[in-house]
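Student: This is what each chain is made of:
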Amino acid sequence: MSRALKQMTRVEPVTFDLAVEPLRDLSVALHALGPQTNQTTWQILNPRGQHAVAVGVTVPVTIQIDGHVGYYCAGMNDGAAITIAGNAGPGVAENMMSGVVHVKGDASQAAGATAHGGLLIIDGNASARCGISMKGIDIVVKGSVGHMSAFMAQSGNLVILGDTGEALGDSLYEARIFCAGTPASLGADCEEKPMTPSDKTILVDLLQRAGVQAAPDDFKLYGSARTLYHFHVDNAGAY
Amino acid sequence: MCGIAGLFLKNRALEPELGAMTAAMLEVLTDRGPDSAGFAIYGDGAADCMKFTLRAPVGFDFAAMGHALQVALTVRDDHAVISLPVVREAEVRRILLASYPTVDIVASGARMELFKGVGLPALVSTRFGLAGMAGSHAIAHTRMATESAVTTQGAHPFSTGPDQCLVHNGSLSNHNDIRRTLIRENMRFETQNDTEVAAGFLSWKLREGAKLDEALTAALDTLDGFYTFVVGTESGFGVLRDPVACKPAVMAETADYVAFGSEYRALVDLPGISKAKLFEPEPAKVYFWERAA
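Chains as they are written, first to last, in this note's numbering: chain Z, 1 to 239; chain D, 1 to 293.
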């Protein structure tokens with residue numbers, strides 16, 4: 001391709017100022033993008049804590065949000081790379097299917113809730129219920145997480161560089177929790193487990209993808225003791 | 001749902017702006033609670049004087065009442081604030097009770113004034129002229145009613161003691177039991193509302209000699225249910241979330257103020273917010289700020 005042609009086809013980032021334009025227009029524009037779109041780079045200004053910014057994006061575009069967002073930012077993301085240069089309110093990247101969501105500040109409660117895939121990176125802390133009922137997402141939190149994180153987590157990986165609140169991994173299914181800090185307490189049926197070479201490979205890969213310099217040996221692995229969700233014949237009398 | 005906005009000023013130069021800032025924060029939270037709204041604001045007090053905030057049916061002649069009682073009077077829609085010497089408190093209460101049966105004493109104290117009503121938050125704050133008020137701290141609430149009816153009496157804040165107010169996002173499950181206990185302790189309740197019980201519990205603790213932070217700590221042991229509370233006293237401002245912490249809360253602190261919002265949206269236009277320390281109050285932890293007299 002000639003230099004001139006390259007310049008002709010080069011597409012400027014689409015800038016969307018939410019202080020001026022309504023959020024609904026942004027959602028309509030993002031949902032109208034087809035898989036072949038050449039509007040692949042978006043910058044969103046002045047989110048001012050609004051809810052549901054950049055939700056339901058189904059194409060592999062890059063979206064940068066400059067500021068703090070409210071509830072459910074990047075929810076249901078399926079393929080986009082969304083960066084939030086600020087804090088995120090409750091339910092960031094909830095029900096994500098694929099893609100990457102990167103919160104440069106802190107995340108409120110229920111970050112990555114019920115998400116099936118993709119990678120959620122939180123540079124700061126996440127509050128309560130991070131990764132609640134996660135179903136395949138990978139979450140890397142560079143700070144600490146609040147209570148009841150990974151509650152009923154089914155699959156995927158939650159990596160925590162800091163500490164955790166009470167009841168980590170309560171009623172856990174088959175998600176892995178890697179924590180370098182100290183859990184305030186483990187929830188029902190969550191226990192420390194030996195880290196196998198394949199577990200460590202997963203951790204090293206996630207740390208690398210999240211841009212974290214940390215020694216995998218500093219982490220402990222927590223998982224399900226599997227006593228809650230398998231019926232135990234000794235309990236037959238209780239029914 | 002419900003929305004809470006609170007602002008506690010450290011920098012006294014901002015005091016003339018308190019009402020305007022609080023009104024703006026309150027209006028942003030309209031979609032969290034469109035049923036009713038209210039606010040308490042801590043303004044000027046005079047030595048040896050106190051204020052009553054009164055509420056009466058629309059059309060009530062507050063001016064004639066003020067003249068008869070010989071008290072300073074400021075009328076704001078269906079509320080009025082009267083100022084009187086502290087030594088006249090019992091006398092004025094007695095006259096109000098005996099001669100003005102349609103007038104309710106909404107709140108009393110050295111500095112606190114309290115206004116609330118049914119309707120959208122912007123309408124409520126406009127009716128009372130919140131944007132023009134000054135003071136050291138204010139707490140405002142937008143209500144989405146769950147536990148009791150949409151009435152002015154059921155709107156927040158609740159006040160059950162001098163210069164004390166409380167707003168609440170959540171619902172309490174053991175309020176009837178606690179109300180019965182407190183009634184035996186001579187606390188009086190005006191409604192069947194759960195939040196009034198929380199306010200009454202704190203007032204009872206304060207009456208028994210607890211400091212606000214001690215009263216809030218006691219609330220953690222006694223109150224069952226969901227709550228994010230913001231409370232005010234004459235000189236203090238406190239925040240408490242229940243241990244499960246379902247109800248959202250964001251705080252911002254700068255050298256000039258401490259601000260509370262149910263969501264960050266409510267804080268976004270505060271001065272210097274881009275450099276504020278933003279944090280979520282931790283569950284089951286008492287937060288408390290007090291200013292020197």
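Just to be clear, a hint being listed does not mean it is correct.
To be verified - Below are the DSSO-like pairs computed for lysine-lysine, each with C-alpha atoms no more than 27 Å apart in a straight line:
1. D:275 x D:211
2. D:277 x D:10
3. D:211 x Z:104
4. Z:135 x Z:193
5. D:247 x D:277
6. Z:104 x Z:193
7. D:211 x D:285
8. D:277 x Z:104
9. D:247 x D:275
10. D:10 x D:211
11. Z:104 x D:205
12. Z:104 x D:275
13. Z:104 x Z:142
14. Z:142 x D:205
15. D:247 x Z:135
16. Z:135 x Z:104
17. D:275 x Z:142
18. Z:104 x Z:220
19. Z:142 x D:10
20. Z:142 x D:211
21. Z:220 x Z:135
22. Z:220 x Z:193
23. Z:142 x Z:220
24. D:285 x D:275
25. D:275 x D:205
26. D:10 x D:285
27. Z:200 x Z:142
FYI, nobody ran anything at the bench for these hints, they're computed from the structure.
Note that the structure is a prediction, hence the values are computed from the model and not measured.
Student: Would you mind marking each hint as holding or not holding in the structure?
Tutor: Status of each hint after checking the structure:
no.	hint	verdict
1	D:275 x D:211	violated, 32 Å
2	D:277 x D:10	holds, 15 Å
3	D:211 x Z:104	violated, 39 Å
4	Z:135 x Z:193	holds, 20 Å
5	D:247 x D:277	holds, 20 Å
6	Z:104 x Z:193	violated, 31 Å
7	D:211 x D:285	holds, 15 Å
8	D:277 x Z:104	holds, 15 Å
9	D:247 x D:275	holds, 25 Å
10	D:10 x D:211	holds, 20 Å
11	Z:104 x D:205	violated, 42 Å
12	Z:104 x D:275	holds, 16 Å
13	Z:104 x Z:142	holds, 10 Å
14	Z:142 x D:205	violated, 41 Å
15	D:247 x Z:135	holds, 25 Å
16	Z:135 x Z:104	holds, 23 Å
17	D:275 x Z:142	holds, 22 Å
18	Z:104 x Z:220	holds, 25 Å
19	Z:142 x D:10	violated, 33 Å
20	Z:142 x D:211	violated, 38 Å
21	Z:220 x Z:135	holds, 21 Å
22	Z:220 x Z:193	holds, 8 Å
23	Z:142 x Z:220	holds, 15 Å
24	D:285 x D:275	holds, 24 Å
25	D:275 x D:205	violated, 37 Å
26	D:10 x D:285	holds, 22 Å
27	Z:200 x Z:142	holds, 18 Å
In summary, the structure is inconsistent with hints 1, 3, 6, 11, 14, 19, 20 and 25 from the numbered list given earlier, while agreeing with the others.
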